[in-house]
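Q: Please construct the entire structure, taking both the sequences and the accompanying hints into account.
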Amino acid sequence: MKISNIRVKIITIGKSIGIEKDFKDHFSNLEIKLDIENVDEFEFSGIGRDDFYIFISDKENILQEVLEHTSYFYSLYTIFCGDTENEELLKAVNDVWPLEESKKMRLFRMEKFLENVNFREIGWLYENFLNTMIDNIPELVWFKDARGSHMTVNNAFCQTVHKEKADIEGRGHYYIWDISPDEYSDGEYVCMESEAVVMESGKPHIFEEPVKTHEGMKHFVTYKTPIYGKNNKVIGTVGVAHDVSDFSNMGIQLSMLLENIPLPLVICGNDGNVMQLNTYFKEKFELDSDDLADFDFYEFKKKQLTPVNDPVIDKRKNLIKQEFSANINGKKLYFVLIEQTIKDYFLNAAGTFCLFQDVTVERIYESKILEAANTDELTKLYNRRYFYTYLKKNIGNPLTLLYMDLDHFKEVNDQYGHARGDDVLKRTAQDIRNFFENDAVFRVGGDEFAVVIKGDPEKSVIDEKCFKLEKCVHDMFRKGGLNVSVSIGCVHSDGSNIDIDEFIHSGDKDMYRVKQKHHLEG
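The sequence shown begins at 7 in our numbering and counts up by one.
Treat the hints as calculated values from the structure; they're not laboratory data.
Given the structure is predicted, the values throughout are model-derived calculations rather than measurements.
Any given hint could be a false lead.
As the list claims (entries may be wrong) - Here are the simulated DSBU-like cross-link-like pairs (lysine-lysine), alpha carbons at most 30 angstroms apart as the crow flies:
no.	residue 1	residue 2
1	236	118
2	398	349
3	218	97
4	460	521
5	432	521
6	39	15
7	236	309
8	399	416
9	349	321
10	321	309
11	118	209
12	321	386
13	349	386
14	15	118
15	307	323
16	337	327
17	460	399
18	327	218
19	309	327
20	309	386
21	338	386
22	97	15
23	171	209
24	523	460
25	218	236
26	171	218
27	349	374
28	307	290
29	460	471
30	337	309
31	337	290
32	236	209
33	432	416
34	398	374
35	386	399
36	338	399
37	309	349
38	432	460
39	236	288
A: Right, here's the structure in full:
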């Protein structure tokens, strides 16, 4: 603010100082809006709140009346130009002009007086700016001198400590926060150390500080900055305290909630760094503190989890659902992983909520049910139902089908009983499994079996295995007088345009060709 912005009204009451015109002429070059009026009486109800009033009088009672109104009208200034022994009046007025002073001296006094008025108004204005600003900040704000005394604070600070500003200003931390000298010197719940750090470093710092209040312990995040004087030395600090007690409590409550969800759970940022995970996750995947030191969820997912199916993406809910398997210390576990995108206020992705549902038991039961549905109860080989399912699944690939039937098996049942017949079937099934351990083996009928071999195996290798299998079956009854053997038909498909039933029929047909040969050979 410049002097030229001032609108000044000079009121002389009583004896005129006699230089009103000189005032106007002298201050015209400063572009001050100057009005001078000489009156016998003055009505204070007509005072404008946006103007400066300077009252000049030699009458004590007039100035006393002006002084009484200064509490209501801030911009009232008084100059006494008479003689008095009233010390209280002299202390209260803004300036004193002896009447015998020269015109030049009075003009000089008035110019300096206006400069001081201007500085005072600027100071008041900036102080008002500052107080208005800090009082409208919901955080606690304070200014301290180098000794730690509070110079000014805002309303939020006053509300927190339950004290008025007048009771706070000039006082230290222990008084304001009702801390005993012992607690203050101990420094457990005070800001002594952090203030010293800021003062000594001369740089802003951020601290987390627990503070005792009337409502109990408060958790503050404080931002403290040094204040420098004209000599470039630190003369104090300014601080702003953000009360995060509710956020801390919310964080504790959230942690408790996550910890008590009986499912493995991880919350991570966009970069994969873990923000929170619960004990169920650590226990399920057998992770220790070393594993979690630099834990990256997406890296963990890539290395430790194997997809079981394709992901299901729900764009409306911003989530991805997919099943994975994981080998944990020799145990194969299955999980359905739900990855829910966390959105911020502006709907930007802020992280991911990852929830694991352990479906291992379900998958084991499913496997057992499927196994029971697809397995022959007696021989534990795949059954006829799964034989067709398996061929449908692989018919587009090169396949070799071995179709087998036991010769003279009915005679075993008739002569030795069905229990012995069942034993023959089981032993035959085991022999087939032994020779074709890497292939799919089926019981497709009473005494009929099949082997499906993927790819293009060497015919000589298959012939050798079939020969050894025939010998094993024949040797079961070497001493019994029965000529039990196995007839094996063999057909191959390159996987192009073949009908399943036709493929099976071809194998069955070739098997009967071999069976007839066995009968002819006796």
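Q: Each of the hints needs a verdict: does it hold here or not?
A: Taking the hints in turn, this is what the structure says about them:
no.: 1; hint: 236 - 118; result: 23 angstroms, holds
no.: 2; hint: 398 - 349; result: 46 angstroms, violated
no.: 3; hint: 218 - 97; result: 44 angstroms, violated
no.: 4; hint: 460 - 521; result: 25 angstroms, holds
no.: 5; hint: 432 - 521; result: 21 angstroms, holds
no.: 6; hint: 39 - 15; result: 8 angstroms, holds
no.: 7; hint: 236 - 309; result: 61 angstroms, violated
no.: 8; hint: 399 - 416; result: 34 angstroms, violated
no.: 9; hint: 349 - 321; result: 13 angstroms, holds
no.: 10; hint: 321 - 309; result: 26 angstroms, holds
no.: 11; hint: 118 - 209; result: 39 angstroms, violated
no.: 12; hint: 321 - 386; result: 45 angstroms, violated
no.: 13; hint: 349 - 386; result: 53 angstroms, violated
no.: 14; hint: 15 - 118; result: 16 angstroms, holds
no.: 15; hint: 307 - 323; result: 22 angstroms, holds
no.: 16; hint: 337 - 327; result: 23 angstroms, holds
no.: 17; hint: 460 - 399; result: 12 angstroms, holds
no.: 18; hint: 327 - 218; result: 47 angstroms, violated
no.: 19; hint: 309 - 327; result: 18 angstroms, holds
no.: 20; hint: 309 - 386; result: 36 angstroms, violated
no.: 21; hint: 338 - 386; result: 23 angstroms, holds
no.: 22; hint: 97 - 15; result: 23 angstroms, holds
no.: 23; hint: 171 - 209; result: 27 angstroms, holds
no.: 24; hint: 523 - 460; result: 28 angstroms, holds
no.: 25; hint: 218 - 236; result: 36 angstroms, violated
no.: 26; hint: 171 - 218; result: 19 angstroms, holds
no.: 27; hint: 349 - 374; result: 42 angstroms, violated
no.: 28; hint: 307 - 290; result: 14 angstroms, holds
no.: 29; hint: 460 - 471; result: 16 angstroms, holds
no.: 30; hint: 337 - 309; result: 16 angstroms, holds
no.: 31; hint: 337 - 290; result: 11 angstroms, holds
no.: 32; hint: 236 - 209; result: 17 angstroms, holds
no.: 33; hint: 432 - 416; result: 15 angstroms, holds
no.: 34; hint: 398 - 374; result: 22 angstroms, holds
no.: 35; hint: 386 - 399; result: 21 angstroms, holds
no.: 36; hint: 338 - 399; result: 25 angstroms, holds
no.: 37; hint: 309 - 349; result: 27 angstroms, holds
no.: 38; hint: 432 - 460; result: 24 angstroms, holds
no.: 39; hint: 236 - 288; result: 58 angstroms, violated
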